[in-house]
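The sequence shown begins at 3 in my numbering and counts up by one.
Calculated directly from the structure, the hints in this document are not laboratory data. Note that the structure is predicted; figures quoted are calculated from it, not measured. There may be inaccurate statements among the hints.
[Said to hold, decoys possible] DSSO-like cross-link-like pairs, simulated, lysine-lysine; straight-line CA separation at most 30 Å: (1) Lys322 x Lys200; (2) Lys286 x Lys200; (3) Lys473 x Lys200.
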Amino acid sequence: APVVEQSTCRLSVHLIPNQPNEIVVTVGCAGSRYTTALHTRFSNAMTDARVAIDAEDERLCSIATSSELFNQWIQRSRADLAMMVTETRYGPYPYAGVPWFSTIFGRDGILTALSVLWGNPSLANGVLLSLAATQAIDYDPARDAEPGKILHELRHGEMAALGEVPFGAYYGSVDATPLFILLAGRYYDRTGDLAAVKELWPHIEAALSWMDGDGDRDGDGFIEYARATDRGLAQQGWKDSHDSVFHADGALADGPIALSEVQAYAYAARHHAAELATALGDRKRGRELHRTAEQLHDRFEARFWCDELGAYALALDGRKQPCRVVSSNAVQCLISGIAVPERAARIADTALGPDMFSGWGLRTIRAGEVRFNPMSYHNGSIWPHDTALAALGLARYDRKDAVVRLVEGLFGAAQQFELRRLPELFCGFPRRTDEPPTRYPTACAPQAWASASVFLLIQAMLGIEVDGGRKRVTFRQPRLPDSLEWVRIGNLAVGGAEIDVLCERRGEDVGVSVLRRRGDIALVTER
């Protein structure tokens, strides 16, 4: 019998001359979603793993284009995303990234689910139910937990178990809570799943209560953050480096800090919650939430707009002074619809200027800002998910010219990375002929929201809107970059129906036609 010690395993093997002898070693992982029989062969285990990954991948509609390189980018992104999705007791959840963030993150899961929502709503369902189950119900300063707040990060390692870091179940994220409501609203738009809304509604109300109460630390109508202890994250937006929020002179902003994009998320969250309340039969609550959303809009425009920048301020500091810095945060605001059209147009022009758009993607802050550094984590680098969210916002305001440039930029970058795998981030140096993007040495690859970015870009450029309640798929002002002649979408499921669609260049226009239709589903094209 084998002799197993702390660091060795000794086997006694009888070898017959000129005869093969196979030794099979099976290593199991406690807590894995896969159970491995004691004598399972490697080939069988690999087949089982591939079957599970393929099953996850098949939840997303098929996508093919006229470009083999673009197809490779799509296929790599699909495979990576399927690999990172873990089946939890509440449904599928995308772990954030390998190797540093291979666990549940609230913000990352929400934005990843949002990116693929049009083609795979089941991921959003799993994310919403998982985050509802882990929503904070008590105050715990060591974990920055407050009732109604949505999880930032969940860890099970030794340091978390021993309390050496606060990230066992940590809530230091200012944007995950409004984003949770936003995703719930868009999930309902996509699916018409009223049963899920009923299940989620108490958690949505708790999240709204946090936004109105603990989330608004000084009662001015904006959501702010400040860590409760010095062990928590100093910065609690998606740019969570310690030096990511600063003034034009480079001075770090003192808290509590109100980030621009968080107010935009809150605006969208309130409108979505209003529609959900109305769908559940509470019209009075719906009207109230619509009203508070518009009140937030008016306050936001008055306090955050910086005319000399052509953009919203990065943030307001604890003294309510704007951080007059041009950043990608302002472009992310567009996905909510909070900007009036004239200001959205100026933001688009600013974003596509050479100081923000490197040729590969959007920089997190403008070149020329005092703290700009193209090799920094958050102060001048390029994050694919950030650029993709910007594209979605620009599409909302009909700036398809800008969307196409962003698609071409990230497509060009993907061709330069191994396996066509976009990493978590890369450096923000200008694009130069015959030079690839400069890698960020410690970036996760794959990273869930980076892998999902190509699907968000496809949605933005084709203007895809899926209305599950009406069983309708709309293509709003579809555009294709010069590198693509056509895009074919297959097995797009809406309710119990399915549709295959071809988007094809026709001169200066893009035509949309039905290749196959099964069940009751309508196709609408808006020019």
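For each hint, the structure was consulted:
Among the hinted pairs, Lys322 with Lys200 is inconsistent with the structure: their alpha-carbon atoms are about 38 Å apart, more than 30 Å. As the CA atoms of Lys286 and Lys200 are separated by approximately 17 Å, the hinted pair is consistent with the 30 Å bound. About 21 Å separates the Cα atoms of Lys473 and Lys200, which keeps this hinted pair within 30 Å; it holds.
The structure shown violates just one earlier hint, number 1.
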